[in-house]
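J.: Here is how the chains run, residue by residue.
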Amino acid sequence: MPVVEVPLSVLAESFPTNSLEDIISSLPFIGLDIEGKTKKHIRIEYNPNRPDFSSYYGIVRALKGYLGLETGIPKYEINNDKRFKIQTTKSVKSIRPYIRALVAKDRALDSDIIKMLIDMQEDLHTGICNRRKTASIGLHNLERIRFPLCYSAAGSEVSFIPLDSSQTLSLNEILNSMDVGKKYSNLLGRPNEFPILLDIKKQVVSFPPIVNSKFTMLDNLSRGIFVEVTGIDPKVADLISAIYAATLSDLNFKVYHVTISENDGSSTKSPDMRPLPLSASFTEINRCLGTEFSREEIVRAAARSRLGTKNLGRRTLTCVVPRYRNDIRQVRDLIEEVMIGFGIFKLSPTLPMVNVTGSRSTKSVLIDKIKEVLVGLGLLEIRNVVIVSRFLQFESMGLEADESSIFKIENSLISGQDILRNSLLPLLVDTIGHNVHSSYPQNIFEVGKVFTRGGTETEKWHLCVAVAYNRADYTSIKSILQAFLKVAFGKDVTTIPSSQSGEYANGRSADIMVEGKIVGRIGEISDSVMQSHRIRVPVAAYEIDLSSFLFSFRGSI
Amino acid sequence: MAYKVTALHPIEKKILELVGNDGSITIETLSDKSGLTIDQVRRGVERLKFKKLILISQDFSVFFELDDRGRSALAHGLPERRLVNAIQLEPDKGMALLAKSRAFEKDELGAAIRIARDQNHWLLQASSNTNKANLKISQAVTEISPEERVIERFRSVQRISETELSDFEKKGTELLIRRPNYLKKIQRQVVTISLTPIGQATAAEVSASKSAHTEFAKSNTRTKDRPDRFVLDLEAAVKTALPGKTHPLTDLIAEIKEIFLSLGFTEIDGDIIQTSFWNFDALFTLQDHPAREMHDTYYLSGVKNVAEIANEEQIANVSEIHNKNSMNAWDIQEANRLVLRTHTTPVTLKYLADTQPNEAKIFSVGTVFRNEKVTKGHLSEFFQIEGIVTKPDASIRDLMGFQSEFYHKLGIQKVKFWPTFFPYTEPSLQSMVYIEKIDKWLELFGMGIFRDEVTIPMKIRNPVLAWGGGLERLAMLRLGIDDIRTLYSNKIEWLRSVPKCQL
Numbered sequence: 007m008p009v010v011e012v013p014l015s016v017l018a019e020s021f022p023t024n025s026l027e028d029i030i031s032s033l034p035f036i037g038l039d040i041e042g043k044t045k046k047h048i049r050i051e052y053n054p055n056r057p058d059f060s061s062y063y064g065i066v067r068a069l070k071g072y073l074g075l076e077t078g079i080p081k082y083e084i085n086n087d088k089r090f091k092i093q094t095t096k097s098v099k100s101i102r103p104y105i106r107a108l109v110a111k112d113r114a115l116d117s118d119i120i121k122m123l124i125d126m127q128e129d130l131h132t133g134i135c136n137r138r139k140t141a142s143i144g145l146h147n148l149e150r151i152r153f154p155l156c157y158s159a160a161g162s163e164v165s166f167i168p169l170d171s172s173q174t175l176s177l178n179e180i181l182n183s184m185d186v187g188k189k190y191s192n193l194l195g196r197p198n199e200f201p202i203l204l205d206i207k208k209q210v211v212s213f214p215p216i217v218n219s220k221f222t223m224l225d226n227l228s229r230g231i232f233v234e235v236t237g238i239d240p241k242v243a244d245l246i247s248a249i250y251a252a253t254l255s256d257l258n259f260k261v262y263h264v265t266i267s268e269n270d271g272s273s274t275k276s277p278d279m280r281p282l283p284l285s286a287s288f289t290e291i292n293r294c295l296g297t298e299f300s301r302e303e304i305v306r307a308a309a310r311s312r313l314g315t316k317n318l319g320r321r322t323l324t325c326v327v328p329r330y331r332n333d334i335r336q337v338r339d340l341i342e343e344v345m346i347g348f349g350i351f352k353l354s355p356t357l358p359m360v361n362v363t364g365s366r367s368t369k370s371v372l373i374d375k376i377k378e379v380l381v382g383l384g385l386l387e388i389r390n391v392v393i394v395s396r397f398l399q400f401e402s403m404g405l406e407a408d409e410s411s412i413f414k415i416e417n418s419l420i421s422g423q424d425i426l427r428n429s430l431l432p433l434l435v436d437t438i439g440h441n442v443h444s445s446y447p448q449n450i451f452e453v454g455k456v457f458t459r460g461g462t463e464t465e466k467w468h469l470c471v472a473v474a475y476n477r478a479d480y481t482s483i484k485s486i487l488q489a490f491l492k493v494a495f496g497k498d499v500t501t502i503p504s505s506q507s508g509e510y511a512n513g514r515s516a517d518i519m520v521e522g523k524i525v526g527r528i529g530e531i532s533d534s535v536m537q538s539h540r541i542r543v544p545v546a547a548y549e550i551d552l553s554s555f556l557f558s559f560r561g562s563i
Numbered sequence: 129m130a131y132k133v134t135a136l137h138p139i140e141k142k143i144l145e146l147v148g149n150d151g152s153i154t155i156e157t158l159s160d161k162s163g164l165t166i167d168q169v170r171r172g173v174e175r176l177k178f179k180k181l182i183l184i185s186q187d188f189s190v191f192f193e194l195d196d197r198g199r200s201a202l203a204h205g206l207p208e209r210r211l212v213n214a215i216q217l218e219p220d221k222g223m224a225l226l227a228k229s230r231a232f233e234k235d236e237l238g239a240a241i242r243i244a245r246d247q248n249h250w251l252l253q254a255s256s257n258t259n260k261a262n263l264k265i266s267q268a269v270t271e272i273s274p275e276e277r278v279i280e281r282f283r284s285v286q287r288i289s290e291t292e293l294s295d296f297e298k299k300g301t302e303l304l305i306r307r308p309n310y311l312k313k314i315q316r317q318v319v320t321i322s323l324t325p326i327g328q329a330t331a332a333e334v335s336a337s338k339s340a341h342t343e344f345a346k347s348n349t350r351t352k353d354r355p356d357r358f359v360l361d362l363e364a365a366v367k368t369a370l371p372g373k374t375h376p377l378t379d380l381i382a383e384i385k386e387i388f389l390s391l392g393f394t395e396i397d398g399d400i401i402q403t404s405f406w407n408f409d410a411l412f413t414l415q416d417h418p419a420r421e422m423h424d425t426y427y428l429s430g431v432k433n434v435a436e437i438a439n440e441e442q443i444a445n446v447s448e449i450h451n452k453n454s455m456n457a458w459d460i461q462e463a464n465r466l467v468l469r470t471h472t473t474p475v476t477l478k479y480l481a482d483t484q485p486n487e488a489k490i491f492s493v494g495t496v497f498r499n500e501k502v503t504k505g506h507l508s509e510f511f512q513i514e515g516i517v518t519k520p521d522a523s524i525r526d527l528m529g530f531q532s533e534f535y536h537k538l539g540i541q542k543v544k545f546w547p548t549f550f551p552y553t554e555p556s557l558q559s560m561v562y563i564e565k566i567d568k569w570l571e572l573f574g575m576g577i578f579r580d581e582v583t584i585p586m587k588i589r590n591p592v593l594a595w596g597g598g599l600e601r602l603a604m605l606r607l608g609i610d611d612i613r614t615l616y617s618n619k620i621e622w623l624r625s626v627p628k629c630q631l
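Read top to bottom, the protein sequences are chains A and B. Numbering follows this note's numbering, in which position 515 of the first sequence is assigned residue number 521; successive positions increment by one, without gaps. Numbering follows this note's numbering, in which position 255 of the second sequence is assigned residue number 383; successive positions increment by one, without gaps.
Just chain B, with the same shape it has in the complex:
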């Protein structure tokens, strides 16, 4: 089947025709034969390749040119030839005198003897004595060496392509290349163009349909109005415009926020750098708890006086609770230490402590940190989604209800709950959700009711239901990726390619 000839640009047609004639052709030859510039040919070739009409093969072609000594050899003969000539002229002169005669450059004579004797066999050793004066001219001296043949070829041309060489000459180039400054080997990339089967059919139609094109042009008003324009290829693929767009995580965050808003939740945000007091102590994570250790939490140099960010009563209450539950006395210095928050809950808790709401529904989506190695499945910086409800008599079934409703709005229908443990909630649950797309149950958000040890020091009256989890895991499901690092790789092509609407 041929490509629609009418949809080809005149340049494309010309190229097709020429390639069709020659079978395969280089860009340079195309330019010569068509009268088009190299750039025009290149662009035409690119388009034809895109339309799958031509094949492009890139090869290296090798050329030889004479170098300094090679040019000198062309004029005066190769040193080994000059050597045998000299010996023939004055058989008794001896090597020592030859060396002094300045007919040879310093390093030439030794090589000349070796080549003349060992390689070309122009000289024979007259006796077992290796004295060089004992070298005699042999019969073979009349034979032209491969190197001489190659040098000779340059008498008429500047440059010889490797493909033009006979085997004998090839051997000559190999030998000459090994000798310094005789021959230059030049490699150049050559682009050869040939036709695909469709291209061949199309090329045949191009030659046959030159008149048909004129017919078509007459019936096309656009080209009639603008005779300088060629017929437009309405089917041709074109370059995709580069989009401006938001990051896929931004889009998912917007959706999550929308869900919370639809359920009547209010957004809060807060600092990424937190004191250990709000990140741990106020959330009843004892000072010797493993979660506080260096291998889980990023500690920053410097401290912040807790008194600046918590009132005296809050500090005293937290201290009391800790002292009641730990062997070690609560240390305010430890609470002053700065951390990159390990969850968004310190922000939520401070909000509840500051505003003392009787009823509230709040949420946040913010970056949290874990001092972990970044792997296919783990990041050290990621987004946490958190939802909080407080009201009189808030119950576990309510918590399950909010969580289920949240999931339903994400399109997750099947949810089940299992008991688990978190330091600052009791009872604590984890949720398992069934993801239809991958036919699997996955563990998603964790949840629970804030422990009294958390609420009482902050004078929070009513039970606080809390749930939360990572955003990136949802993003992976949404986008169908299995390496979490992709989300922060900032690969521009990937970012451009992710559809805004996942169908």
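Next comes chain A alone, as it looks inside the complex:
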């Protein structure tokens, strides 16, 4: 989850009448987590559906509403100046079609503001911009830019001095030699058509989504900012420009529209700050929250969540939603805003009657009974993970992997740990191997799922029992198996000598047959397996498939 580091001074200035403690303890009630605090800053974690919280002022805005200091929809005056214009060309429509922009001026920048704007840009890039794929943001020194600008496609030969470089590089050189170029070049679909933003003097302003020009870099002396957002999703580009417009307005910049002239002759004004309407009936709101709020209470709560609440009907609450928020689109979203505005701590829990009765699943009942029997036989339950290594599952057991039946994980973080277990025995042997310093006998069991690809049942419940001590042998484990089947299911067991298999010693393993059906295997673990697990006492084990027992168990009279 994204984190924004807000200077305590910003909170103190914005809330002169509240104690810092009050402000901080209110944060969780508007959905913010406090991740940490230093002398000068507070680290606030916000949810990805609230990109407006990437700015300190987004947080201040919401908090002012929640505390009742400033309610209703914030008003933003966006000015017009015909000069601020971007012409788009047809050539860019197939590669990165949308551009939005705004101008903010008449106020000096300082390093704190620049830091916040750049932090916002980074958070938005990783979050809502899907690592610059959906949209990307460029921040520029307004004074260096000569309007109108042109957003078009260019060939790789175009060159300029990019940010963080000292020399003129062609677009190709940027993509091949600069870190940002290598990191994001995959976002550019076509080999020789790159989106480029030029000013009237044909100076490169930005090469989205890769890098800005060094010439237009923001610094402490800048007295105006030009923000451009390009991308493939116009809604995201609109949202980001609205978030920046609101933040810069809150910082007392004078914000101006930029006219985007499309190649088809149409034009739009950016940023679009016209709020969007959304309504819900009072009954619906109360029903969902389980409350009996009056109309006035609901209206007040919505206003505290910074929604506009004009056009108040008898039955319906009609709100307008500021454009820096795109997470309020449906009735349920509106209800959540009312809940937050009201203050969740004021809602008391209720426990309703639901006319149903409870029951366990028969599968888990049976498994618990099986465990009870095993514990009665003196066995200790262990629990292993499902994701294992090929080495543990096969090689250490002297087995060949049957590739066609193994489930493989395509993207495991730990190299080698990338298959799903298809039997439990290797894990029990491994457990014994990791406990050579514990006292013996080590008589253990595990009941768990194993996975096989291709069959009718991909997930099966298995039981594996292993005993390790100086006299563990075939007879001792068969005695436990016999007792288990008798006590658990009242069944007798037949053991039929089985063909040689790597995990068991030669001539010391058998197939387990219950009512004419082979359900597993039993035997003494082979010397080579013991060696590879560094076990020095004999180990004998059995593993059975519980499917048929699970299938026939009903748990009824």
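The hints are simulated quantities; they were obtained by calculation from the structure and are not laboratory data. All the pointers check out, no bait thrown in.
Simulated restraints, written as ranges between beta carbons of each label pair:
1) D611/B / S300/A: 47 to 53 Å
2) R137/A / L607/B: 38 to 44 Å
3) L607/B / V543/A: 26 to 32 Å
4) I563/A / G430/B: 40 to 46 Å
5) E463/A / I460/B: 20 to 26 Å
6) E378/A / T157/B: 50 to 56 Å
7) N417/A / E448/B: 27 to 33 Å
8) A231/B / R542/A: 51 to 57 Å
9) T132/A / S617/B: 30 to 36 Å
10) E174/B / V543/A: 19 to 25 Å
11) K414/A / E448/B: 30 to 36 Å
12) S617/B / S300/A: 54 to 60 Å
Note that CB positions come from ideal geometry on N, CA and C, so glycine has one too.
The hints should help you fit chain B onto chain A, whose structure is shown.
T.: The following block gives chain B in isolation, referenced to the frame of chain A:
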């Protein structure tokens, strides 16, 4: 204070007495003096140690034995002595002839000259000419070298302990060890036993109370009946029997299930391997949502045709919702991809879609997966507890009520709720609980009401309240452990030691 003498086994008493006499003693000597076997002595010593009556110190003792060349030196003298003897016998013979005389082995002569001249000073260089023939016998030739002294000692014994050596002889052993095949150095572990203060007091009482023991035996009916039996130490610590028991997580899961059952919930379970369709798409997690990316979710090789596990209408509805809310067209191939479920909710949702209940209370406790590095605080496989209620007009306050009641039954009294965000619920809340034991507020379960984008495609009529969270975090609180990996370490001693009932 002494240990109760009557509670000691005769062997223990004998050992105590002998150790008391000698101050410190080895197991072997104890066995010799007591007439007990080594094993009997060992067991007795083990028990006395347990009773804190004796101290055991383990040391290495070093012995020397002659090796091949050493034995030859014992018979014929060391090469350097043989050299000076030969020179004294025939002063003019010269080294070349000596070398040919076969009185020395191939590699012996050079070393013999060096030792005789440079180390023992038995030979002097007669002139500056380094010709070896110019070596003359010196006065010092009458002195015995340290090596000779050591070799000589073996004339009467096979083995000499390092502790028996004088400084001069020690020097001799050091020199001989450096020469190949003269001397063998043997290290052996020696266990020495001595008495603790309580042991000393007890040993004194043992010698004094031999008659008292007989008195006690007479009054004890059990020993009277069975005169061969010694008096039983009723206070002695004994070895703990090894238990069979269930895993601590199994026990906690059973408790959680019990709580759900008591609240009238029905248990459901389902597959661990899920299609992306049920794990993500049906839960309104858009196909380009970060949660679906490779670094959060385990993808399995292979696909499953969604048509096998969802009906046409469900697929069409989900597709429509996604297309309405995403830039990219919904791709069924993406929905077919197999994942290790990242939550148990796909199982719950499919259950609701299949059974279409008007009212239901269901729960599940099952393994879920996150493609994350395993650390002190994070696992990549863990249990998720999930509770679901659906009924007409189910509300946020109801959800808070079920959650609070669940916590109360776990013994958690103070609960507070904060707003949060989950992709498939709205409104969404997280709960903070106060844990008395550690005097802290902790974030536990998350919850919310299923979004319309989830319920409408599945034709679920009534609001669905859902809450859930990890089991292991509760287990850590219950068991007082701070490393989550402990739960799956399968350390047998730990598993045996965790009490079933945490008091």
